[in-house]
Structure formats: structure tokens, C-alpha cells
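Visitor: Heads up: the sequence lines are chains R and H, in that order. Each residue of the first sequence is one higher than the last, beginning at 1 in the numbering used here. Each residue of the second sequence is one higher than the last, beginning at 1 in the numbering used here.
Be a bit skeptical, because a hint or two may be false.
[Said to hold, decoys possible] Residues of chain R clear of chain H, computed beta-carbon distances all greater than 10 Å:
#	residue
1	Arg-36
2	Asp-44
3	Ala-48
4	Asn-63
5	Met-107
6	Trp-112
7	Pro-167
8	Gly-184
9	Ile-216
10	Ala-232
[Said to hold, decoys possible] Straight-line Cα separation of at most 20 Å, EDC-like style, residue types lysine to aspartate or glutamate; simulated pairs:
#	chain 1	residue 1	chain 2	residue 2
11	R	Lys-178	R	Glu-100
12	R	Lys-199	H	Asp-88
13	H	Lys-199	R	Asp-88
14	R	Lys-178	R	Asp-227
15	R	Lys-199	H	Glu-56
[Said to hold, decoys possible] Listing some non-contacts, in silico: residues in chain R with all C-beta distances to chain H over 12 Å:
#	residue
16	Gly-6
17	Gly-39
18	Asp-70
19	Ala-92
20	Val-128
21	Val-133
22	Asn-147
23	Ala-173
24	Phe-211
25	Glu-230
26	Ile-236
27	Ser-248
Honestly, the hints are just simulated from the structure, not real lab data. Note that CB positions come from ideal geometry on N, CA and C, so glycine has one too.
Protein chains: 2
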Amino acid sequence: MGSPTGGDVVTAAVLIIGDEILSGRTQDTNLRDIARYLGVHGVDLAEARTVPDVMEEIIAALNALRDRYDYVITTGGIGPTHDDITADAVAAAFGVELYEHPEILGMMTARWGDQLNAARRRMARVPVGGDLVKNPVQGPPGFTIGNVFVLAGVPQIMRGMLEDVGPRLRSGAVVLTKTVRVEGSGEGAMAAPLEAVAKAHPTMSLGSYPFFGDGIYGSNLVLRGRDPEELAATVIELIAALEAAGVSGGREVESV
Amino acid sequence: MGSPTGGDVVTAAVLIIGDEILSGRTQDTNLRDIARYLGVHGVDLAEARTVPDVMEEIIAALNALRDRYDYVITTGGIGPTHDDITADAVAAAFGVELYEHPEILGMMTARWGDQLNAARRRMARVPVGGDLVKNPVQGPPGFTIGNVFVLAGVPQIMRGMLEDVGPRLRSGAVVLTKTVRVEGSGEGAMAAPLEAVAKAHPTMSLGSYPFFGDGIYGSNLVLRGRDPEELAATVIELIAALEAAGVSGGREVESV
Chain R
1 MGSPTGGDVV TAAVLIIGDE ILSGRTQDTN LRDIARYLGV HGVDLAEART
51 VPDVMEEIIA ALNALRDRYD YVITTGGIGP THDDITADAV AAAFGVELYE
101 HPEILGMMTA RWGDQLNAAR RRMARVPVGG DLVKNPVQGP PGFTIGNVFV
151 LAGVPQIMRG MLEDVGPRLR SGAVVLTKTV RVEGSGEGAM AAPLEAVAKA
201 HPTMSLGSYP FFGDGIYGSN LVLRGRDPEE LAATVIELIA ALEAAGVSGG
251 REVESV
Chain H
1 MGSPTGGDVV TAAVLIIGDE ILSGRTQDTN LRDIARYLGV HGVDLAEART
51 VPDVMEEIIA ALNALRDRYD YVITTGGIGP THDDITADAV AAAFGVELYE
101 HPEILGMMTA RWGDQLNAAR RRMARVPVGG DLVKNPVQGP PGFTIGNVFV
151 LAGVPQIMRG MLEDVGPRLR SGAVVLTKTV RVEGSGEGAM AAPLEAVAKA
201 HPTMSLGSYP FFGDGIYGSN LVLRGRDPEE LAATVIELIA ALEAAGVSGG
251 REVESV
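One chain only, chain R, in its complex shape:
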């Protein structure tokens, strides 16, 4: 289905940078956090990619995504070690140099004094033409250049940095979500009424997410749209369509 249409649509992509995700060592949670954050700000997350800590891979993915979407948010690869090459890759993608940002260098000098070694100074580097993204948690800031926001990979820090991203985004109409939960019926019984209701509301997005286990099975039918009145009416319509198809017990629940 993709995102609901109708109203002003602003799009974003997430670029997750890091061998640790692709090796299975680390469970990414940043994508979900960013998706939810963007949703609240009326921005649709349209695509996500995960690439290794390899210069050409980061550059190619970043250029593909920033050409296509209104915004790109990257996570990971901005630390002090040799495998942290995101700043280099972003600068190369934009065809600009990196320079040591005086504000970051000042913060780092205050923090580290004569322990401010070459590795730590790497984290003061920002592409020419870039601007800082505040880091309220720990360590140096992220940065933004063009339509790209470069955030940390550590989830606590990433979430903190996100708070300085939202106010800079052009907002679209916020996508609202409602969920109809049906227990004791399979998706196969719900598919026809769900499709009929989806077809009657072409700007909305209706999806079915089955669950089973603990002796309970069924599906959460998720309705997403930008018009609150249409959304509320569609919930009632869907429950009625399910009942007409012999699927009873559908009820609106808190969306998760």
C-alpha cells in the first residue's frame, strides 16, 4: 500500500551505516525510533537502507537517497575510530572538504585538554557548508548538510540528536493511525472485506498484521490516513464489512 496520500506529503529515508548491523551483532532499533519520530512530525519514512562501513557503499546509497527523498537521516559511523568514516563519505558525496568545526573543537579542548588526540579530533570534522545537530546526551554533535542529517549510532545519543532535527523539517500532514483487532479469525477470512474497504478509500493505507501464539490468533488491521474524520468513519465501515463477511468481534484498540 505504501504511505497514505492526500494532503502535503514530505518524504524521508534512513541510511543505517555499520558492519555491526549486517553481521547480526547489533539489533538496530534506530529505524523504528526515527520512523515514529518522523510520523509525529508529518514526514513519511519511504525507504531504509543498511550499508557496511565502506566508503563507496555509503556514498552511493547516500546519493541515491538524497536525490529521491526530501530528507535523509543517517545513523552510525561518527565516532573516533578508523571504521568511523561517515563524515568522510558524506563530504565526498557532496563534493566538499571536511574542516574542524571551531565550536566542536572548543568543546573537545575543554573536555580533554592535552588528551585531545588525533582520534578524538576526527569527531570535530564537519563538511564545509554543514551545520551542527545538537547532542544533549554525550559527546560531540552531529551535523547536517543539504537535506542530510548525520546522527550517532548509539540509540540514546541518536534519540537525543533527533530532537534537534524535527524543528528543521518541513512538515507534511500528519499520518494518523487506528487499529481494528480481530481475534479468532484468520487473515484469509478478512481479506475480501479489508480489500473492499481499502479500495473505497484510495488515499488511505490499510494493512493486516496477523498474530498467533498463547492460544490466541487473529490479526490487527491497521488503518492509516491524513483525514481524521475519514479515518474514524473507515474504522466503523471496516468493522461492519467484517461482520457482513461473517467475521465478528472486530474492535478498535489502542494503536501501537
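Assemble chain H onto chain R, guided by the hints.
Guide: Okay, now just chain H, sitting in the frame of chain R:
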């Protein structure tokens, strides 16, 4: 860094299909499970993409990935509802038709009898030239065509289907992992010795994954390589290089 080189390298990509991931409704865990499974089978996960339930997006991503990597594993979008369009998209990407697979249809008829409606029959469709992927958990099988494996999105079912994927993969040399944990030092102090050791072992991959919280901070230095003797020797070399740089207490821990 990317994956270690040296030895026979077999690559794969994961294509996650589903609005529910991009809306932030669902936390994906399949990527990590697949990454670990592939690692055990000597296959490097080189890239992952997440796309919405939109035909053209799935086709474009699938064609880009299957051209480039040895294998592609997709998750999601193979249920009975209208938003489940993965089979259609895979068939379109390969330029073939879908047909109702007699084996699946037989299973479904046995299960559903005269309740086998049009929606459920959708799940019996397989691209011409495709082969089935066993589903030991619940519901109809997945399928494979060319170098693409099409699995369910529900994690329990996806993991079950994976067991029928491994035996069909050409195996590369397995990547082995060791972890050196350092507490009480920041990454900035470890960067120089870590980089020096990384440069001395160009076919290996060394990364730094900092942690903090609960009053403990430090970093897990992860070493990955295909040669077990070189890997073991490099752990000792790294701990020594850290100590020489004034970072003590590095110790090998169980890799997670």
C-alpha cells in the same frame, strides 16, 4: 571496514517488505536473525533495504539487489490480504507469471475445504520456475526463484523457513568473531592502537562499539576474520597494543 576478505566470499542482501516497518509500528528483528544465520553458513550479509508494500518499489529494489549479490532473501508480504504483493512483485521482477502450485493448493484444500476462498488461494501462487521453501511452523510455504528466497514476515515463521534456505546456499569461508572488551577508557584513547592493528591485518575487520550507562563505560572491540589462527593472534596483539598506548584492562570476552 565491511566484511573480512580472504577466502571464498559469498554475499547476500536482505529485502524487508512492509509498511509496518517504515511506519515504526513494528520493530524488525528478521534482519538480525538472517544476518546471524547467514554468518554461520559462511555467507556475508552485504546490504539490507526496507521498502513499502508498493509494487514498483519492491521490483526496483529486488532487481538491484539480485544483480549485485549472490543471494537475496526477502521477508514479508506473502499473506492473503490485498497489501501482500510480494509474489506478484517477484514474478514481475523475473518477467514470469504466477501459477497456483498444486502442492500448496492440495495442502490448503485439506486445511480449509470449502472455506478455501480467493484470498487464501492467493497464498498458493508461485512464480513459474520457482521452487518451494518449507514452512515448518504454520501456513503455506515460501518460495525461491533464481537467487531469491521469499520468506514470511512473521518472525517465528521466517525463522522456520530459513532452515530450508541454508542447505541451498553455496557456502563461503565462515567469518569468525572475537571480542575484546575494555572498560573505563573511551574510544578516543583506543583509536590509534586499534587502527594500527587493523592496518596490519588487511583481510580482517576490526570495529569499535562503545557502551555507557550504569556507571560503566568503554568499548567492545570486535575482530572478524576467516582465519582462526590469525584471529586468535590478533586478539593478543590488540590487547598488547592497547596496553602500550596506556589503555589497560582489555580482555577477551564471549562474542555476542
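Visitor: None of the hints should be skipped; say for each whether it holds.
Guide: For each hint, the structure was consulted:
no., hint, in the structure
1, Arg-36, "violated (4 Å)"
2, Asp-44, "violated (8 Å)"
3, Ala-48, "violated (4 Å)"
4, Asn-63, "holds (14 Å)"
5, Met-107, "holds (13 Å)"
6, Trp-112, "violated (7 Å)"
7, Pro-167, "holds (19 Å)"
8, Gly-184, "holds (14 Å)"
9, Ile-216, "holds (14 Å)"
10, Ala-232, "holds (19 Å)"
11, Lys-178(R) with Glu-100(R), "violated (47 Å)"
12, Lys-199(R) with Asp-88(H), "holds (18 Å)"
13, Lys-199(H) with Asp-88(R), "holds (18 Å)"
14, Lys-178(R) with Asp-227(R), "holds (12 Å)"
15, Lys-199(R) with Glu-56(H), "holds (19 Å)"
16, Gly-6, "holds (16 Å)"
17, Gly-39, "violated (6 Å)"
18, Asp-70, "holds (15 Å)"
19, Ala-92, "holds (16 Å)"
20, Val-128, "holds (24 Å)"
21, Val-133, "holds (19 Å)"
22, Asn-147, "holds (18 Å)"
23, Ala-173, "holds (15 Å)"
24, Phe-211, "violated (8 Å)"
25, Glu-230, "holds (18 Å)"
26, Ile-236, "holds (20 Å)"
27, Ser-248, "holds (16 Å)"
Comparing the model with each earlier hint shows violations of hints 1, 2, 3, 6, 11, 17, 24; every other hint is respected.
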